[in-house]
Each structure stands twice: as structure tokens, then as C-alpha cells.
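Chemist: Residues per chain are reported as follows:
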Amino acid sequence: GQQLNQSPQSMFIQEGEDVSMNCTSSSIFNTWLWYKQDPGEGPVLLIALYKAGELTSNGRLTAQFGITRKDSFLNISASIPSDVGIYFCAGLTTSGTYKYIFGTGTRLKVLA
Amino acid sequence: EAGVVQSPRYKIIEKKQPVAFWCNPISGHNTLYWYLQNLGQGPELLIRYENEEAVDDSQLPKDRFSAERLKGVDSTLKIQPAELGDSAVYLCASSSSRGRNEQYFGPGTRLTVT
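Line by line, the protein sequences give chains A and B. All letters in the first sequence, in the order written, are residues 1 to 112 by my numbering. All letters in the second sequence, in the order written, are residues 1 to 114 by my numbering.
Please note: incorrect hints may appear among the correct ones.
[As the list claims (entries may be wrong)] List of simulated lysine-lysine pairs, DSSO-like, C-alpha gap at most 27 Å: (1) B/Lys15 - B/Lys71; (2) B/Lys71 - A/Lys99; (3) A/Lys99 - A/Lys70; (4) B/Lys71 - B/Lys11; (5) A/Lys51 - A/Lys99; (6) B/Lys62 - B/Lys15; (7) B/Lys62 - A/Lys99; (8) B/Lys78 - A/Lys99; (9) B/Lys62 - B/Lys11.
[To be verified] To be clear about the criterion: a stretch of chain A counts as covered by chain B if any three or more of its residues have a C-beta under 8 Å from a C-beta of chain B, and this derived list gives those stretches: (10) 43-53; (11) 80-93; (12) 102-108.
[As the list claims (entries may be wrong)] Okay, the calculated bits of chain B under chain A, using three or more residues with CB under 8 Å as the criterion: (13) 42-54; (14) 105-114.
Don't read these hints as lab results, they were simulated from the structure. Glycine residues also receive a C-beta, built at the ideal position from the N, C-alpha and C atoms.
Using the sequences plus the hints, can you model the full thing?
Modeler: Pasting the structure below:
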């Protein structure tokens with residue numbers, strides 16, 4: 001099935017560093033969601049974005065809805081070991097069908 | 001508020017056997033989704049319900065997969081017969097049409113077909 005491109009695919013960072021990841025598509029989306037998934041668990045919703053250009057924060061997490069509506073970005077500031085996991089973006093398309101399309105995931109590993 | 005509940009959490013079956021997964025969405029959420037998640041990939045939609053109506057089942061392999069949401073609350077996803085390639089995590093999610101399209105996931109059922 002269709003999946004959005006997420007970058008980077010994986011990354012190792014030192015504790016305390018800032019992290020940036022993005023999600024891109026050739027399609028326009030009306031909503032972007034960012035999730036974190038720990039091993040053996042379901043994805044947990046972190047941030048939701050509803051308008052082009054919107055910038056939203058949740059603690060150390062900040063996400064932006066790209067102006068073109070084809071991309072989104074997630075930043076994590078001052079990473080800590082519990083930030084380890086897989087981060088997924090999801091874009092909502094209402095063109096033709098109402099459907100969330102998920103990214104391929106960014107696997108984050110934090111070195112203490 | 002209780003989250004999305006799924007059971008069982010794990011299931012191991014032999015190929016050609018049937019299997020069923022159950023989902024109870026967040027109270028008041030009228031939209032329910034079943035997703036398939038293969039190892040190392042993002043979730044992919046199998047079916048979406050609005051109340052008791054399946055409004056998008058275009059990605060559901062209907063030769064062996066079926067789903068129901070008889071009273072517009074709980075839902076069951078069934079596979080009969082299971083194949084080796086069905087080994088994956090099956091996720092249920094729910095959202096409210098009165099809300100802002102935020103989907104919340106359950107913990108998933110990890111299926112292993114041997």
C-alpha cells in the first residue's frame with residue numbers, strides 16, 4: 001500500500017541533542033498527525049496539525065504543517081533516553097477517499 | 001477515559017486455521033479503523049467503519065478477511081483461513097466525527113501464523 005516518505009529512516013543521537021525528522025508526499029493533505037510507537041505497543045498520538053503553516057508544540061516536541069501541504073516536520077529538543085522509539089507521520093487525504101496514509105517511520109536511538 | 005482495547009494481545013495459530021480479533025473503541029467514538037502493520041512499516045488501513053457501516057473496505061482482502069461492527073461499538077476482524085503471510089500486528093483505532101480527526105490506537109494484536 002501507499003506510504004509516505006519519512007527521513008531519516010533511523011538515527012543515533014546523544015542525550016541532550018535536538019532531533020529533526022520530516023515526512024514528504026506528492027499529495028496534498030488536510031491534517032497531519034505524528035505518532036510514537038514503542039516495541040510491542042500501538043502508536044501513541046503526539047501532535048495533530050490542521051492548517052498549512054501551523055506550528056504546534058507538546059512539551060519538548062514541536063511539529064509544523066508545511067506550507068505546500070505536502071510535508072510536515074517534527075523536532076524533539078534536548079532528547080532523553082525515553083525518546084527512543086519509532087516515530088510515524090500520518091497524512092489525512094479527503095480527495096476521493098477519507099483515509100490516513102502513514103509514513104515509513106523514523107527509528108530513533110538515544111545514546112546516554 | 002479508557003483507551004482503545006484490543007484482545008488478544010498475542011495469537012499463534014497454524015496456517016489454514018481461523019482467527020478473530022476484537023476491538024472496543026474509545027467511548028463515544030463513532031469511527032473505527034482496522035490497520036495491518038508489517039514489521040518495520042507504518043500501519044496500512046484495512047477497513048473503516050462509521051457507526052455500523054463499513055465505508056471503506058477497499059483494502060480488505062475479502063476472500064479470507066471479514067469484519068463486523070454490528071451495534072456500532074465493538075468490532076471483530078476475522079481471517080479464515082490464515083496464511084503464513086498474514087503474520088503481522090493488527091491495530092484497531094478510533095476517532096470521533098465530532099472531533100478533529102484525531103485517531104487513537106489500541107495496543108494491537110500480534111499474529112504469528114506457523
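Chemist: Indicate, hint by hint, whether the structure satisfies it.
Modeler: Against the structure, the hints:
no. : hint              : in the structure
1   : B/Lys15 - B/Lys71 : violated, 31 Å
2   : B/Lys71 - A/Lys99 : holds, 23 Å
3   : A/Lys99 - A/Lys70 : holds, 15 Å
4   : B/Lys71 - B/Lys11 : holds, 26 Å
5   : A/Lys51 - A/Lys99 : holds, 17 Å
6   : B/Lys62 - B/Lys15 : holds, 17 Å
7   : B/Lys62 - A/Lys99 : holds, 19 Å
8   : B/Lys78 - A/Lys99 : holds, 22 Å
9   : B/Lys62 - B/Lys11 : holds, 21 Å
10  : 43-53             : holds (count 5)
11  : 80-93             : holds (count 3)
12  : 102-108           : holds (count 4)
13  : 42-54             : holds (count 5)
14  : 105-114           : holds (count 5)
Checked against the numbered hints above, the structure breaks only hint 1 and satisfies the rest.
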